[in-house]
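There are 2 protein chains.
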Amino acid sequence: MSNVVLVAGAGPAGLSAAYALASVGTRVVLVEKEQRLGGAPILSGYARLVPSGEWAKDAIGGMVARVDSHPLVTVRRGCTVETLAGEPGAFRARLSDGATVDAGAAILATGFTHFDSINKPELGFGSFPDVVTTTQVEQMISSGRGIRCLSDGRKPERVAILLCVGSRDRQIGREWCSKICCTVSCNIAMEIREELPDCHVYIYYMDIRTFGLYETKYYWQSQEEYKVKYIKARIAEVTSNGEKLLVKGEDTLVKRPITIPFDMVVHAIGMDPNVDNKRIAGAFGVELEKHGFIGKANAYGTSGASSRPGVFVAGAAAGPETIDDSIAQGNAAAMAALALVNRVAAPAAVA
Amino acid sequence: MSNVVLVAGAGPAGLSAAYALASVGTRVVLVEKEQRLGGAPILSGYARLVPSGEWAKDAIGGMVARVDSHPLVTVRRGCTVETLAGEPGAFRARLSDGATVDAGAAILATGFTHFDSINKPELGFGSFPDVVTTTQVEQMISSGRGIRCLSDGRKPERVAILLCVGSRDRQIGREWCSKICCTVSCNIAMEIREELPDCHVYIYYMDIRTFGLYETKYYWQSQEEYKVKYIKARIAEVTSNGEKLLVKGEDTLVKRPITIPFDMVVHAIGMDPNVDNKRIAGAFGVELEKHGFIGKANAYGTSGASSRPGVFVAGAAAGPETIDDSIAQGNAAAMAALALVNRVAAPAAVA
Numbered sequence: 013m014s015n016v017v018l019v020a021g022a023g024p025a026g027l028s029a030a031y032a033l034a035s036v037g038t039r040v041v042l043v044e045k046e047q048r049l050g051g052a053p054i055l056s057g058y059a060r061l062v063p064s065g066e067w068a069k070d071a072i073g074g075m076v077a078r079v080d081s082h083p084l085v086t087v088r089r090g091c092t093v094e095t096l097a098g099e100p101g102a103f104r105a106r107l108s109d110g111a112t113v114d115a116g117a118a119i120l121a122t123g124f125t126h127f128d129s130i131n132k133p134e135l136g137f138g139s140f141p142d143v144v145t146t147t148q149v150e151q152m153i154s155s156g157r158g159i160r161c162l163s164d165g166r167k168p169e170r171v172a173i174l175l176c177v178g179s180r181d182r183q184i185g186r187e188w189c190s191k192i193c194c195t196v197s198c199n200i201a202m203e204i205r206e207e208l209p210d211c212h213v214y215i216y217y218m219d220i221r222t223f224g225l226y227e228t229k230y231y232w233q234s235q236e237e238y239k240v241k242y243i244k245a246r247i248a249e250v251t252s253n254g255e256k257l258l259v260k261g262e263d264t265l266v267k268r269p270i271t272i273p274f275d276m277v278v279h280a281i282g283m284d285p286n287v288d289n290k291r292i293a294g295a296f297g298v299e300l301e302k303h304g305f306i307g308k309a310n311a312y313g314t315s316g317a318s319s320r321p322g323v324f325v326a327g328a329a330a331g332p333e334t335i336d337d338s339i340a341q342g343n344a345a346a347m348a349a350l351a352l353v354n355r356v357a358a359p360a361a362v363a
Numbered sequence: 013m014s015n016v017v018l019v020a021g022a023g024p025a026g027l028s029a030a031y032a033l034a035s036v037g038t039r040v041v042l043v044e045k046e047q048r049l050g051g052a053p054i055l056s057g058y059a060r061l062v063p064s065g066e067w068a069k070d071a072i073g074g075m076v077a078r079v080d081s082h083p084l085v086t087v088r089r090g091c092t093v094e095t096l097a098g099e100p101g102a103f104r105a106r107l108s109d110g111a112t113v114d115a116g117a118a119i120l121a122t123g124f125t126h127f128d129s130i131n132k133p134e135l136g137f138g139s140f141p142d143v144v145t146t147t148q149v150e151q152m153i154s155s156g157r158g159i160r161c162l163s164d165g166r167k168p169e170r171v172a173i174l175l176c177v178g179s180r181d182r183q184i185g186r187e188w189c190s191k192i193c194c195t196v197s198c199n200i201a202m203e204i205r206e207e208l209p210d211c212h213v214y215i216y217y218m219d220i221r222t223f224g225l226y227e228t229k230y231y232w233q234s235q236e237e238y239k240v241k242y243i244k245a246r247i248a249e250v251t252s253n254g255e256k257l258l259v260k261g262e263d264t265l266v267k268r269p270i271t272i273p274f275d276m277v278v279h280a281i282g283m284d285p286n287v288d289n290k291r292i293a294g295a296f297g298v299e300l301e302k303h304g305f306i307g308k309a310n311a312y313g314t315s316g317a318s319s320r321p322g323v324f325v326a327g328a329a330a331g332p333e334t335i336d337d338s339i340a341q342g343n344a345a346a347m348a349a350l351a352l353v354n355r356v357a358a359p360a361a362v363a
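These protein sequences, in sequence, are chains X and B. The numbering of the first sequence is our numbering, which starts it at 13 and goes up by one. The numbering of the second sequence is our numbering, which starts it at 13 and goes up by one.
Hints were generated in silico from the structure; no laboratory data involved. No experiment lies behind these values; they were computed from the predicted model shown. Among these hints, one or two may not hold up.
No distinction is drawn between identical chains; accordingly, a pair holds when it is met within one copy or between any pair of copies.
[As the list claims (entries may be wrong)] Below are the SDA-like pairs computed for lysine to any residue, each with C-alpha atoms no more than 25 Å apart in a straight line:
id, residue 1, residue 2
1, Lys290, Thr228
2, Lys256, Val113
3, Lys244, Ser81
4, Lys302, Arg291
5, Lys69, Asn310
6, Lys45, Ala248
7, Lys302, Trp232
8, Lys241, Leu258
9, Lys244, Gly261
10, Lys69, Ala317
11, Lys239, Gln148
12, Lys241, Thr125
13, Lys241, Gly185
14, Lys239, Asn354
15, Lys302, Met202
16, Lys260, Asp80
17, Lys256, Gly313
18, Lys290, Gln151
19, Lys302, Thr228
20, Lys239, Glu187
21, Lys267, Gln235
Please model the entire structure based on the sequences and the hints provided.
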C-alpha cells in the first residue's frame, strides 16, 4: 500500500496535478521523458498563451518552478514508466532507469505530438522555406527575432494561415478536430499585425471554431481591430512562382478557384496522439480510443478515469485540449487520485 | 476559522465539487436555489448527454444521489447566499432563510440561464407552436413522448434546426458562442432520425463547432450514418404559409435567397449568464467579466480562482461550458478549496 501518486508527464496537466497533490500534503513522483519540464508550451517555445496573453515561459515556467522546488515532489527527468503492476492503492512502477516506484494511484498526463506537416506535401512544407508551422511562428515571437521569412530574413508583406493542417482530414487518417488551432491562429494573426502593421494576414478556414468566450476575444477582435481577413476555402496546394508562394484552392463561398500570392504561409498544425501512446498504453495497462488517444471513461463517476482503475488521465493525452482545460483536468485527476490514496491510507491514519 | 466548504449551485459543477470534497473528508454545505438538485440537465429534462450517450436522469441523477446521501454534505434547498463576509479561511455566509454558514472557502457553481427565444421574434418562437427549442426537443425525448409537432401531435416529416439562436449575435447583445449547441444539435438531429427514419433533418449553421473528438462522433456520423443535411445560411425569418413553417434566409455558400418548408423548427438556444449573476456577484463579492459571466482568473495559479481570494468558480457560471468540463472544473475548484482549508486547518492538526 502506498499513498504516493505517480504522475507521468510534466506539461500543464501533469504540473497542475503534481502541485495540487503536493499542496495538500501528498507525495508525488513526477516522471518526465524530456530533460526539461513544461511540456509543449515550454519545449516548443510558445509565445503568448491563449486566452491569458501571458508569456508561456512565465505562465508555465511558474508552474514548473513551484513543482520543481516542492519538497513533496520528486522529479525524474529523462525517464519513462516501463510497466505498472499491481492494483489501486498498491501499484509498483518500473522506470526506464531501472528504479521502481510504489504508488497508490497514477496520473497519465503524457500529452500529444504536434502534427508533422511533411505528411501534407502538397501544402509546401519542406519544399519552400517560407512555408512554416504555427509552432515556428510562436518561436519567432517568443525568441524576440520577430516574424521573418526564413528564406531571406525579410519581413513578410502578406501572410496566409491555413487552418486544419493535420486535422479534419480523412485522407491522412486524422478525422478529429484539434480544438484550439483556430483560436491560436486568430491570436497569431493579431500578433503578426501588431508587429508588422503593414502586413496583410489571411486565414483560410473550413469552420472558425473559436468556441465560447474565444469568439469575441479572438475571432471578432482579429477582424474588427486587427483587420485580419478570413477566406472560407478548400486548399489544393501551395506552390511558388519563384518570387512568391501561391496558395491555390477553391473559395467555398463563391465556388470559384482562387490563387493568391503570399510571402509566408503558416500551417496551423493539429494535435496528434502522442507518438508513444501505444507504448504508454502498454506500460500503464490502459486502452486507447479509436483515434489513438488515451481512452477516458464518462465524467459522471470518477473524474479523469481511464480504462484501468486507479490510473487517471488528464489533458491532451486524452484528445486535443486547451491549456486551461488541461490544467483543470490535471487538478481534477489529482482530486480523484487523492480520494483513492486517502481511502487506502485511512485505516492506518485511524490506527 | 472553518474547514467547511460552501458550494453554491447543485448542477454538474457543484455536485462534482461537493462530492470530491466529501470523499476526502471535508464537510460541505451545498446551497441550491431550486427545490431539486441536478442543475440544467435535470431541471430542464435533458435526454441523452453529450458525449456519453447516457440519460441525464441516470448520469446526473447518480451524481445527485451520492451527494444527497453523503453524511459530510449538508444540502440546503430553495436557498441562496445573500452575503459572504470575512476572508479566506474564515468566511461567514448569510443565507436567504436567515441561517449563517461558516466556511473556509466557497465555490460558485451557479450555472447559466438558457437563452429565451422570445428575444428573437423574427424566428417564430411564440408565434408558431411548431417552433420549439432544443430544450423542448430534449424533453420530448426524455419524457418518452417522442418528437411531435406541438400544434397537432403529428410526427414531423421535415425538421430544421437553427444554430446560434441567442449566440454570436450582436443585435441582441450576445456576441459569445455558446460552445456546445452545435454538438448537442448534431446529437438531437441523430436522435430524431433514429426515432423517425423518414424525417428529413436540416441544420442551418454559420460554422459547425464540433471541436476536438466531437468532430467524428457528431458531425461526421450525423452526415454519413444519419444523413442529416447541413446548410450554411443566414436566417432572416421563420414564417408560416398556414400549412408549413417557412425558413427564409440566404444560403451563404451559393449566395442565394432560400425559402424551405418544414413541419418543425428547432432553435438551438444559447447559454446566457445566469440571470441572477449581478445579485450573485454582489453577494459573493466577485467581479463579472464583460459579458456578464463570473470572472475567472488565469489558470496557471490557483485553479478556478475568481477575483476574490478564497472564492472559486466552476462550470457554466464562468462562461458557456460542456457538462464534462464543468465536472472537471468542479473537481479542480474542490482541489483549490481543499488546499485552502487544509492550510487553515494545518496548525490545529499539528497541535
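Of all the hints given earlier, name the ones this structure violates by number, lowest first. Result: hints 2, 3, 6, 12, 14, 16, 17, 18 break, sorted rising.
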